[in-house]
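Engineer: Take a look at the letters that make up each chain.
2 protein chains.
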Amino acid sequence: MSVLVVGSVAYDGIEAPSGKVDRTLGGSATYISVASSFLTSPVRLVGTVGNDFDDNDRQLLENRGVDLEGFKKDESGRTFFWKGRYHDDMNGRDTLDTQLNVFEHFDPVIPDSYKDSSIICLGNIEPSLQVKVLDQVTNPKLTILDTMNFWISGAREALEEAISRVDVLIINDEEARDLSGKSNLADCAAEIRNKGPKYLIIKKGEHGAQLYSDRLLFSAPAFPIPTITDPTGAGDTFMGGFAGWLSRSGDISEENLRRAVVHGTVLAGFCVEKFGTERLTELSQSEIDERYDTLQKLGEIPQRV
Amino acid sequence: MSVLVVGSVAYDGIEAPSGKVDRTLGGSATYISVASSFLTSPVRLVGTVGNDFDDNDRQLLENRGVDLEGFKKDESGRTFFWKGRYHDDMNGRDTLDTQLNVFEHFDPVIPDSYKDSSIICLGNIEPSLQVKVLDQVTNPKLTILDTMNFWISGAREALEEAISRVDVLIINDEEARDLSGKSNLADCAAEIRNKGPKYLIIKKGEHGAQLYSDRLLFSAPAFPIPTITDPTGAGDTFMGGFAGWLSRSGDISEENLRRAVVHGTVLAGFCVEKFGTERLTELSQSEIDERYDTLQKLGEIPQRV
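Protein chains in written order, with the working numbering: chain A, 1 to 305; chain B, 1001 to 1305.
Calculated directly from the structure, the hints in this document are not laboratory data. Check before you lean on any hint, since a few could be wrong.
Computed cross-link-like contacts, SDA-like style, restricted to lysine to any residue with a CA-CA straight-line distance of at most 20 Å [unchecked claim]: (1) Lys-1072(B) / Gln-1136(B); (2) Lys-182(A) / Lys-1072(B); (3) Lys-1132(B) / Lys-1182(B); (4) Lys-1297(B) / Lys-274(A); (5) Lys-274(A) / Asp-1187(B); (6) Lys-195(A) / Arg-156(A); (7) Lys-1297(B) / Arg-258(A); (8) Lys-297(A) / Ser-1253(B); (9) Lys-1182(B) / His-87(A).
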């Protein structure tokens, strides 16, 4: 199956207790594309960058086999830039700078050659743009949406429309509570699924991830990461691993959704080990498989005797 | 295998968003004994109560088949009483009243007929008393200790001695951080295991439980409870389910420790559904088995394909 990824391509400045980087390739579409490229092909990217975008970063995406027909360089300005600082416990962060630049005028036009894509990954962008993508694709097998608190509070109506039209919503526990107004995650899930999506995945960081349909279907452990260097992009990477696995296997059964959640967990775990996409781009298939098997063993509950 | 339980027997007054009870049977030894009695026999209790202790509550323990030779009624005063109020999110609570009463002079004398017990459950009491119990037992196969923040900050030295002498320490994530001074749970576990215990179980409430030895061995999901009525005793009940399963099976292999953790999870899940021990005392074996199987399915990660 083919994967279509729509989202931001950005440069990030990151400060964390582990160190800092002034400018590294980031953005939701970048992380989703790179992560899913380890599992499947074709991965088709729709995004926009500015006149400062480095050829080496374009090369990085090409080296991962990402189809860049929908990747546009807007010479009128600079690339979206975000700068943030993580707190000591890595669980919170402050935004220090946001320069939308050319991303402010991002209009996701889906190339004809992308329109028949099977799996649609709507990275975290303005909800009305996510809807615009859904209006252009012709034959999706599975549509997946990520969002964040900024849109939950600031673009509620458009977000509800977008959510009502997708198959899978992937958010974290804090966002699930904000979106539903509930506290207990099972209650959150019931409330959110009433808004439309058949499946809801709640990411809980170090506590793993949960997959809900009409009830909790699957509870996945997190991969234990000894040292978290940079959490940026972990959620996007989760979506990339999830979608990439489904595309590779061509199977969207509930059993295989479990494997997809575990692949999302595995890829996200690698992502946070180094700054930006550094750890992801040096990954091997055997490393991914090894962590899948480790997680499987970690969560294994033996039969009663 | 036989189980020895040493801890508090108390009356609790509980206020929660779900309602309130003025006086219900509680205490660590009560919850541990009742929970383990659903899985194994004999369960031997050492505890003390006062002159106000109700015959019906003694009867409740007898009905569960708990051996009460070590259960003493001290006519000089009243039973330990604790009163608390849970916050709206059920994740915190305030203590409104603590009357130690006869429990202030609790001296755990282990009857001769109990001394050869195989599994020793040291419920949450003063650490020096936990050590005193360890000094009296003659042939333990597995010693298990629970504690709380009160002792971590207030009786550190005695607690470290107690911990150094047990096989399994069971604490929650907040206690693990306090005891180790670390933030990341894997770091907490490494630090705490250096203090002596071969195994460490970290209870994470709605996020499940983790079993560590020299590394993370097992990550168990929580059982999804739609409505939590009263969290009191959930941790003690976890220990009772854990110890009860090990006793029933007579097997302390690492594979079977997983089953024990899941039984602890299952029993603790029932515990919180009603006030006090109410839900526990109406349990059936088939209900326990059904939830075990549900948890097994919930956490199942299919093989890669």
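Engineer: Now tell me, hint by hint, if it's right for this structure.
Structural biologist: Do the hints match the structure? See the list:
1. Lys-1072(B) / Gln-1136(B): holds (18 Å)
2. Lys-182(A) / Lys-1072(B): Violated: Lys-182(A) and Lys-1072(B) sit about 46 Å apart, past 20 Å.
3. Lys-1132(B) / Lys-1182(B): violated (29 Å)
4. Lys-1297(B) / Lys-274(A): violated (34 Å)
5. Lys-274(A) / Asp-1187(B): holds (19 Å)
6. Lys-195(A) / Arg-156(A): holds (12 Å)
7. Lys-1297(B) / Arg-258(A): At roughly 11 Å apart (the allowed maximum being 20 Å), Arg-258(A) and Lys-1297(B) satisfy the hint.
8. Lys-297(A) / Ser-1253(B): Status holds; Cα separation ~16 Å.
9. Lys-1182(B) / His-87(A): holds (15 Å)
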